[in-house]
Amino acid sequence: MGYLTTHILDTTHGTPAAGVAITLYELIDGNKVQLNTSITNSDGRCDQPILPEKDFHQGVYELEFAIGDYYRRLDKQLAEPLFLDEVVIRFGINDATSHYHVPVLVSPYGYSTYRGS
Numbered sequence: 001m002g003y004l005t006t007h008i009l010d011t012t013h014g015t016p017a018a019g020v021a022i023t024l025y026e027l028i029d030g031n032k033v034q035l036n037t038s039i040t041n042s043d044g045r046c047d048q049p050i051l052p053e054k055d056f057h058q059g060v061y062e063l064e065f066a067i068g069d070y071y072r073r074l075d076k077q078l079a080e081p082l083f084l085d086e087v088v089i090r091f092g093i094n095d096a097t098s099h100y101h102v103p104v105l106v107s108p109y110g111y112s113t114y115r116g117s
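1 is the number of the first residue of the sequence shown in the numbering used here; add one for each residue after it.
Everything labelled a hint here was simulated from the structure, so no lab data went into it. A few of these clues could be false.
[Said to hold, decoys possible] Result set (EDC-like, lysine to aspartate or glutamate): computed pairs, CA atoms no more than 20 angstroms apart in a straight line:
id : residue 1 : residue 2
1  : K54       : E26
2  : K32       : D55
3  : K32       : E86
4  : K32       : E64
5  : K32       : E62
6  : K54       : D95
7  : K76       : E86
[What the hints assert, rightly or not] Computed spacing ranges between beta-carbons, pair by pair:
id : residue 1 : residue 2 : range
8  : L78       : M1        : 35 to 43 angstroms
9  : P52       : D75       : 31 to 39 angstroms
10 : T97       : G14       : 19 to 27 angstroms
11 : K54       : F83       : 35 to 43 angstroms
12 : G116      : G59       : 32 to 40 angstroms
13 : P16       : R115      : 18 to 26 angstroms
Backbone N, C-alpha and C fix where the C-beta goes; we use that ideal spot for every residue, glycine too.
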């Protein structure tokens with residue numbers, strides 16, 4: 001069985017993004033169903049898969065990253081409202097036997113992602 005992991009890198013400071021709240025949703029018939037929450041560790045990763053093997057299946061999912069709260073803790077000089085507060089990534093899982101990894105590279109003004117390994 002597969003599973004889902006993620007990690008966040010802060011491209012502004014060149015470090016892992018520790019202490020970021022992450023929420024995982026599954027989209028079912030147009031409704032968002034919350035499946036899990038986690039907080040990134042000092043390496044910018046979750047201590048456990050955000051979607052473990054026992055719950056892993058095909059479907060459409062969203063990862064929501066509380067990037068604004070992270071940058072508010074680090075940089076009190078950022079003007080409100082922040083340009084990016086929540087980063088939401090919607091993606092599909094079509095192979096329930098594979099490991100899916102969703103890395104996110106963030107700054108206060110942009111982000112990028114890709115399917116990692």
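Comparing the hints with the structure gives:
no.	hint	verdict
1	K54 with E26	holds (15 angstroms)
2	K32 with D55	holds (16 angstroms)
3	K32 with E86	holds (16 angstroms)
4	K32 with E64	holds (11 angstroms)
5	K32 with E62	holds (8 angstroms)
6	K54 with D95	holds (14 angstroms)
7	K76 with E86	holds (18 angstroms)
8	L78 with M1: 35 to 43 angstroms	holds (41 angstroms)
9	P52 with D75: 31 to 39 angstroms	holds (34 angstroms)
10	T97 with G14: 19 to 27 angstroms	violated (35 angstroms)
11	K54 with F83: 35 to 43 angstroms	holds (38 angstroms)
12	G116 with G59: 32 to 40 angstroms	violated (19 angstroms)
13	P16 with R115: 18 to 26 angstroms	holds (19 angstroms)
In summary, the structure is inconsistent with hints 10 and 12 from the numbered list given earlier, while agreeing with the others.
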